[in-house]
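Participant: Position chains W, P, R, A, F and L with the ligands against the provided structure of chain D, taking the given hints into account.
Listed in order, the protein sequences are those of chains D, W, P, R, A, F and L.
Take 23 as the starting number for the first sequence in this note's numbering and just add one per residue.
Take 192 as the starting number for the second sequence in this note's numbering and just add one per residue.
Take -6 as the starting number for the third sequence in this note's numbering and just add one per residue.
Take 94 as the starting number for the fourth sequence in this note's numbering and just add one per residue.
Take 4 as the starting number for the fifth sequence in this note's numbering and just add one per residue.
Take 266 as the starting number for the sixth sequence in this note's numbering and just add one per residue.
Take 27 as the starting number for the seventh sequence in this note's numbering and just add one per residue.
FYI, nobody ran anything at the bench for these hints, they're computed from the structure.
Virtual Cβ for every residue (Gly too), placed ideally from N, Cα, C.
It is possible that some hints are incorrect.
[Claimed, not checked] Listed next, the in silico DSSO-like pairs over lysine-lysine satisfying Cα-Cα at most 27 Å (straight line):
1) K54/L <-> K547/A
2) K459/L <-> K472/L
3) K350/A <-> K431/A
4) K440/A <-> K547/A
5) K24/D <-> K671/A
6) K131/D <-> K324/F
7) K547/A <-> K431/A
8) K431/A <-> K345/A
9) K440/A <-> K345/A
10) K438/A <-> K547/A
11) K472/L <-> K547/A
[To be verified] Pairwise CB distance ranges, derived in the manner of DEER restraints:
12) E519/L <-> T403/A: 53 to 63 Å
13) I455/A <-> V491/L: 37 to 47 Å
14) D171/R <-> G602/A: 27 to 37 Å
15) T533/L <-> S567/A: 41 to 51 Å
16) D588/A <-> E519/L: 32 to 42 Å
17) D171/R <-> A195/W: 33 to 43 Å
18) E56/A <-> G438/L: 39 to 49 Å
[What the hints assert, rightly or not] Non-contacting residues of chain L with respect to chain A, defined by C-beta distances greater than 10 Å in every case (computed):
19) L52
20) G142
21) L490
22) P534
These are the residues of each chain, in order.
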Amino acid sequence: MKSLVLQTATRILLPVMLIVSLYALIRGHNEPGGGFIGGLLAASGFALYALAFDVESARRVLRTSPGTLIGGGLIVAVLSGVPALFDGGVYMEGRWTSLDIPGMSSPFKLGTPLLFDIGVYLVVIGIVLLMTFALEDRHDGAAARN
Amino acid sequence: MTIAEAFTWGFAVIGAAFCAIAAIGIVRMPDLYTRMQSATKAGSLGVACVALAAGTHFASTIAVIEATLVIVFLLATAPVASILIARAAYGMGLPLWEQTTRDDLRGNLDEGDAPRAAEPDSKG
Amino acid sequence: MIPTIDDNVPIALLISAALLGFGIFVSLWRLLAGPSLPDRVIALDLIGFMLVGLMCLAAIVTDQQPLLSVALMAGLILFLGTTAFAIYLQRRGAP
Amino acid sequence: MLAINIVLAVVWMIATGSLHARGLLVGLILGYVLLGLVSLVRPIAYVRRVWAGMVLLAFAIYEVLRSNLIVAWYTVSDLRALEPAVLRVPLEPDLTNGELTLLSVLVTLTPGTLSIDISQDRQSLYVHIMHVEDPDKAIRSITDGFERRILEMRP
Amino acid sequence: MIAGSVAILVVLAVLAPILHRLSAWLTSVIVAGTSIAIGALYALRAPEVLAGEVFVESWPWVEQLGLSLSFRLDGLSMLFALLISVIGGLVLLFSGGYFRGDARGGRFYATLLAFMASMLGLVVADNLLLIFAFWELTSITSFLLIGFGHERERSRWAAVQALLVTGLGGLVLLAGLLLLGFAAGTFEVRELVDSDIRDHALYVPAVICVLVGCFSKSAIFPFHFWLPNAMEAPSPVSALLHSSTMVKAGVYLIARLHPSVGGTLLWDDALIIFGGITMVLGAFHSTRKRALKPILAYSTVSSLGVLVMLIGMGAAKAAAAYLLAHAMFKACLFLAAGAITKITGEKEPERLGGLIRVTPILSIAAALGALSLAGMFPLAGFVGKELVLKAGLAHPEWATAVTIATVVAAVFTVMAACVVGFRPFFGKPADPNLKAKPAEWRLWLGPLLLGIAGMIAGVAPALFAQPLVESTIVSISGAPYTGDIKLQFAELLWPPTTATILSIVALTLGVGLYAMRALYRRITTAPAWLAWLHADDFYDHAVKGSLGLGGLTTRLIQNGHLHSYVRNTLLAMVLIVAPAVFRTDAAEGQPWAITFLDGLIAVSIIACALVSVMLTSALAAVATLGGIGFLMALLFVLYGVPDVAMTQFAVETLIVIIFVLVIYHLPKLRSLTSGPRRATDATVAAGFGLVMGAFAYLAAVRDVADPVSEEHALRSMPEGFGRNIVNVILVDFRALDTFGEIFVLAIAATGVYTLLRLRTRPEMKERS
Amino acid sequence: MALLLAISTGVLFACGAYMLMRRSFVKLVIGLVLVGHGANLLIFMAARPVAGRSPLIEKGEQTLEGPFSDPLPAALILTAIVIAFGIVSYTIVLIKRTFQDLGTDDLQALTSTDR
Amino acid sequence: MLITLPILLPLLAASVCLLFWGRVRLHKAIAVLTMGGHLWASITLLAQVRASGIIHADIGGWDAPIGITLVGDLLSCLMALLTSIVGFAAVLFSCAATDDERARFGHFPLMLSLLGAVSGAFLTGDLFNLYVWFELLLLSSFVLLTLGGGRLQFEGAIKYVTLNLVSSMIFLASIGVVYGFTGTLNMADLAVRLDELPPADATMLAAPLLVSFGIKAAVFPFFNWLPASYHTPPPVVSALFAGLLTKVGVYAVIRACTLMFDQEWALLGDAILIVAGFTMVTGVLGAISQNDMRRILSFHIVSQIGYMLMGLGVAMTVLARGGDAEAATLAVAGAVFYILHHIIVKTNLFLVSGVVLHATGTSALERVSGLVQTRPLLAALFFVSAMSLAGIPVLSGFWAKLALVRGGLQGGAYAIVAVALAVSLLTLFSMTKIWTGVFWGDPEEKPTDAGEYARSESRLRFLLVPITMLAVLTVAIGFGAAPVFDFAMETAEQLLDPSGYIDAVLTPLPEVTP
Ligand code: NA
Ligand code: NA
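If we strip away everything but chain D, and leave its shape as in the complex, we get:
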């Protein structure tokens, strides 16, 4: 069944959840939050969309496939540990740079751990969606994941 109320609410909630998820991701290093929670929030938004509308619509809104998110996220996470290797560090050793983003009061500390967290974020979105989409999608037999 599709509920009109739910659909309307979802269209409003999705962007909010995405913003909140990014919020959780970015500030996770300093406040409660992080890649997991951010990812779960974002994924919840899309999952809600899939529940309220249908999987096809959710896929369209997502614009990419969960599989790509997983693969990409994993690769980001794996590679985030590599930079330190170039200057004699250990794998996953943090490498930091200060980024002066316009609109930010203090310089933003950008480092490989954050990159790692972004990888986590993407993976979590990917896996939750891969599962919920697969569970919700009634059109069986479609082998393509991408």
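Facilitator: What follows is chains W, P, R, A, F and L with the ligands alone, placed relative to chain D:
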């Protein structure tokens, strides 16, 4: 006790009280629909009050905005959830309380989908 | 050393916590007793609400603003869970 | 959608801790882009509806507070006095999705009333009411209260 | 050179199948030639060895285990090496005829050569563990040889039986050899003599283990039953394995160890008793068998018993002479028997006859072998038997028993010799239309040479028998050679002794028994009481017993029910862990103060858990689980770990969603189990809960002064640039955990996806 | 509190174990979830958490003063929760698929792989 | 840096495969290349550790015990090397044996993630990190087991999943308790801190940990999940499981006992010996009672786990009672050699069973016969591996058995040696059961049809490539036993003297200035 503290404590106690009432309601009320009435409204209002208390307690911009967001989300999502459950419960044939005086919906519940969307993209 | 929070928590906040705790406990009864599934779902929903409330309250008591954003996120996700239950109920009700 | 855009911008400001104009601007742009991403932006002017919206908000808050107290009273009072009912509220024929949603949400948010269903033909809203003494009056209070004010918000 | 000879055979074994594909004929000649050449190589060393010189070659291998590549050539080794290579060569030649036109020939050569290599290695090895290694290899290669005709069920069964019996012995032997090595402090056989092992505490177990191993290999009672069954092997195999080589491995090892280990009451008496029993039993059984090879097999069993007994009696001279004689006549007879079967297709001597007209040379060869077996002068067998009788008569303690047993065995042996060696050639065929084709040269050459060799050994021992026997005596007795050995039959015959008389008596009685064999067989075949002598049943019972035990335990433990698996696992866990928990006094330390909310949460969690067990609606149970999750989240919030609380909250919700999306396909929960079972389960579960609860309490009251997380708190901000310590731990301090965890998630999602999407054919399952 | 929460932990483990020994697929998963909660609670207790004090460093500070909840077990629990999420989701779908393919949700009927 | 490669390479490759989902040929190429790299890395790592002692990498640059440390000592590097060998063979085998449908649905990335997780479990020096790798390898194995499965796979999987998750939960809870008692997770640091506790407390912490490892290692009485499931998935998956998964449990037991829980070795050692004895016996009894090649082999895994534990148990009891230190070292060396040998041979036997299955459609003894005639090379390869498994000289299994028996006898552990020898006979028996059932007999008698397992003859020939590799390896180890055993002895010495490990890990690495 400052004024701000008074507000904080006041809102907190009121909110908590509403929550407690909601909980009592959910236990005491005779059928699902009346229980939902009690739970959704008193509950969300109660939590909203506590959130408001938090906003006044910290009294920083961010805290206020966050508290506001909590309130808005709660007040926006709680009814939606209630509507969904109510319709589902009715669809399941969950009986109304015997003292219910009138039931206009009986026999009129549309099986299948909700109203067809007016806007072309509402189905995504 | 026995770790505890500060003893001088305002009485009002303690009362609030007690009320919320009472509320959760009472709602649990509905969650556990049912009788119907929707009853349990709304009980769970309400418990979730009160948890959000408790988080806000905890933020006040411990003077930790970050807990407020936890409450925010919890509130968002709570909705998703209830929605899923509702959709399940709908599907089971009208297969 | 402007409202959402603003909300997003504010969230952005909190997130980055940049509470000034530049932050707001970045937030607005970011929010717009994000909204674009989820294909929700409709370029419509909203300004005219702000006032009506505020009126609605005030009314809703009032209603919520008032009726919450009533329900609180119901809760602790003798339940046998209650006379609940499920009533059909006839609707204006051309309500948009948003308006329908808003209406049923507001009805639900108000203690004592709970929307259950909107009929497929979008003509009726079924509402569960906790205590009904006069069904017609109850229905009228909904159509005159929320529905009218929502319609006033129309562009 | 010693190791090289083994290596040559190995190489040959590898090459043989390839060669065989090119030319079967050439292969048979090459392998036989090489084998005999190896014999010649050893023979070249004979003068030095016979002069008492000992050749040693030694390379280190796995020193920590005591295994070195040590080889030694002394008299005993020389005798065996010559037997293996020469008889092996003849057998290989014979095989060329036996497997003519058979594509399996290449495989056969490979296996047989591999066996010969193992056997040769065994007799020249000078390290206890190296001996064991070759020992096991002979078991395996003989397994393949016995089962060469694996299309037949009986053949497979016999191969497995031989392998298991010798394998069992081998394992016991391993223990024995190791113990021996520990007792001696060395694993080099040549160094054993110098050690004082007979007084060592490990001596008795070591000897028992070694003897069990040797007995099993050499088919000594009570392991005698496998050898006759092994006659399923092709005749050339029987000729080699069961006359002169494999079954002699046990005898060889006993002889090899005798100087350094023997001489104690335990050792000597065990050898005499078990050897004697085997001698009589084998000879008796040989008279009861109908087919050629079983008769020869039991006769071999008897001979092995004789050898073991002789060593136990310290009769090195008799042992050496008999060993040599037996190798020649038994190989001759096995080959002859194989040839007979090959040319007539018959196996039972009673149905054969008159083959003298078809294959005169083979007949002569067989007659020579049979006469030698019967102990007729002037053949080698006569010398052997005389010496055996003399040794028996001379023994200080066992003279009477041994002599009687020897005579009885001799009577049976004579009869068997007549049946095998004369009946097919000189008797009348049961079936007048018996068709026989003449034997080709490769079929008769081997037997003939062996028969003639036996005669030469008897008539002119100085040619090769005397020196071989003499040097072997030195090796067996461990004492310097005293030079009073008489192998000339004339010297043995005159002046006549008790032994001579007994020998003649036995011969006469044996021939008489042969004459009355129809009556004799009626007497010995009929009674069922003789069945116990047949140990096959015992083996079968043992195998069936182990299979049954296996089946029973497996049905008990691996009964297919997840319920009992979980219950047993948890029960065992409780039984192991609970004592470990309750024997400590770890419950010191200070419990926390209780607060109102903590208590409430704890009680609520308990209530939710208990209710979730009792609910019959799956969804309701899921909702209850959600309740527990929320309560946990609350606990996390109250105790200041907001990240965990948030994660718990989100995960709980997602699990509920997945549950909800899946569960409505599933039927309602029911109470299916019986009351007693529920009670058992509840008890086990309660025990599990008790243990884990105890752990929780103990861990909670324990206060660690300096947990590693103090460092995290100190370094999170200055070095990790994050104020949220939990997050810094997750993405920096312990990022590798998170790293693994996102892979867990990715794989879980992939799993869910494949479970839902990949629907292969429903018949995609094992057809069993 | 320690004792009471320890009892809760024990009850979670016990109930989980009991559910693992039932015959229904769904109860199996419920059992897993319960046991997982028990394990998390146990880790949580082992850390001797400090009521209310989050392991969050104040803005502008470099280190955290005074008693605070041990952040390491928190990180462990977080990881464990997420891993359990992955595993439980997989298991839920596994039982669904098994039910579909086998047509039963009775664990007692699953004996063909061991015979 | 090298030490991270055995973990990173397969996982990165798995990620790339997940990104390019469904591209079978790409997956195959990536998998083969990755395992080649893994092999190279493991060999180099082992050589390096042997040359210059225990190495470790503090991941993230945080000194132990703050961060997670990967530790390469001889044992862990050996296990990593074995992982690459088995993985390489399995990947090669999969290239020809796996059907397209299965390959499209992630067979290769799943295998790679399994191999990465196994490597992680071997190389990590952190208790909780070990848990994480355990979970990853478990989950990968779950999915591999059920991928495209039918009834049997699901049935097996449910048992496998349930019992292994019980183990995981016990492990997880134990980690919590251990942290509560010691405040650390780094194994070297734990070794130090556990010694400060009363011995009984340390043993109490050891008990649940060892139980959970015991479940993973499939020891008596926890092994039920293994025979219930290992024969159900495609043979290459069984082979991979058979070679590696239980060995992770054994590795964990060895690591825990030698490094951390050396406080009450007499008690623990006795317990381990009892468990080892029952494991050997029940496993082999199960094996001889089966009538299917794969089931026999599955039960054998259980039995042989007992041997590995026996070496450990003998060493512990001997040393705890002041016995012969040489015997203890020999016993542990025997266990190490046994693991080394077993992983190679067991994998190979399962691969052989795979060829049998793909050639005939079944692995049931009574449905197939005479393969020695129709597939002599396969028969020869099986024979070599089977005899090695049974401990026939001079194949690798002989040395393993010899070392264990010698260590046991020398240390005076006669009972367990007697059990080991008896079990070894039954092992031989069950190998002959397979040999006579599958390879001997008249091939005409039981004509077979491979059905859905059918593969083209050229593919079947290709399948022999990895099998030959492994068979050659077991022969080579047999003949080259001296250096290998030297290595095993060194490993044993290192294990029995954990101070080297502890010092290496807890000494911070010198700062590298870029
Ligand atoms: Na503690
Ligand atoms: Na220690």
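Participant: Evaluate each hint against the coordinates.
Facilitator: Consistency of the hints with the structure:
With a C-alpha separation of about 47 Å, the suggested pair K54/L and K547/A falls outside the 27 Å cut-off, and the hint is violated. A distance of roughly 17 Å separates the Cα atoms of K459/L and K472/L; the hinted pair therefore holds under the 27 Å criterion. At roughly 15 Å between alpha-carbon atoms, K350/A and K431/A fall within 27 Å of each other, so this suggested pair holds. At most 27 Å may separate the alpha-carbon atoms for a hinted pair to count; K440/A and K547/A exceed this at roughly 44 Å.
At most 27 Å may separate the alpha-carbon atoms for a hinted pair to count; K24/D and K671/A meet this at roughly 26 Å. For the proposed pair K131/D and K324/F, the alpha carbon gap of about 14 Å is at most 27 Å, so the pair holds. Between K547/A and K431/A the CA atoms are separated by roughly 44 Å; this puts the pair beyond 27 Å, and the hint is violated. With a CA separation close to 19 Å, the supplied pair K431/A and K345/A stays within the 27 Å bound.
Between the alpha carbons of K440/A and K345/A the distance comes to roughly 9 Å, so the proposed pair stays at or under 27 Å and holds. For the suggested pair K438/A and K547/A, the alpha carbons sit about 42 Å apart, so the restraint of at most 27 Å is broken. Our distance criterion of 27 Å between C-alpha atoms is met by K472/L and K547/A, whose separation comes to about 25 Å. Distance hint for E519/L and T403/A: a CB-CB separation of about 60 Å, consistent with the stated range 53 to 63 Å.
A hinted range of 37 to 47 Å is violated for the C-beta pair I455/A and V491/L, which are about 53 Å apart. Checked against the given bound of 27 to 37 Å, the beta carbons of D171/R and G602/A, roughly 33 Å apart, stay inside it. The beta-carbon spacing between T533/L and S567/A, approximately 49 Å, falls within the hinted interval of 41 to 51 Å. The hinted range of 32 to 42 Å is satisfied by D588/A and E519/L, whose Cβ atoms lie roughly 36 Å apart.
Between D171/R and A195/W the beta carbons are some 40 Å apart, a value that agrees with the proposed interval 33 to 43 Å. For E56/A and G438/L, the Cβ-Cβ distance of about 41 Å falls inside the hinted range of 39 to 49 Å, so the restraint holds. A cut-off of 10 Å between C-beta atoms confirms that L52/L is not in contact with chain A; the least separation is 16 Å. The Cβ of G142/L does not lie farther than 10 Å from every Cβ of chain A; its closest approach is about 7 Å, which violates its non-interface assignment.
In this structure L490/L is separated from chain A by more than 10 Å, as the shortest Cβ-Cβ distance comes to about 18 Å. Taking the minimum C-beta to C-beta distance to chain A, about 12 Å, the non-interface status of P534/L holds against the 10 Å cut.
Of the numbered hints stated above, those contradicted by the structure are hints 1, 4, 7, 10, 13 and 20, listed in ascending order.
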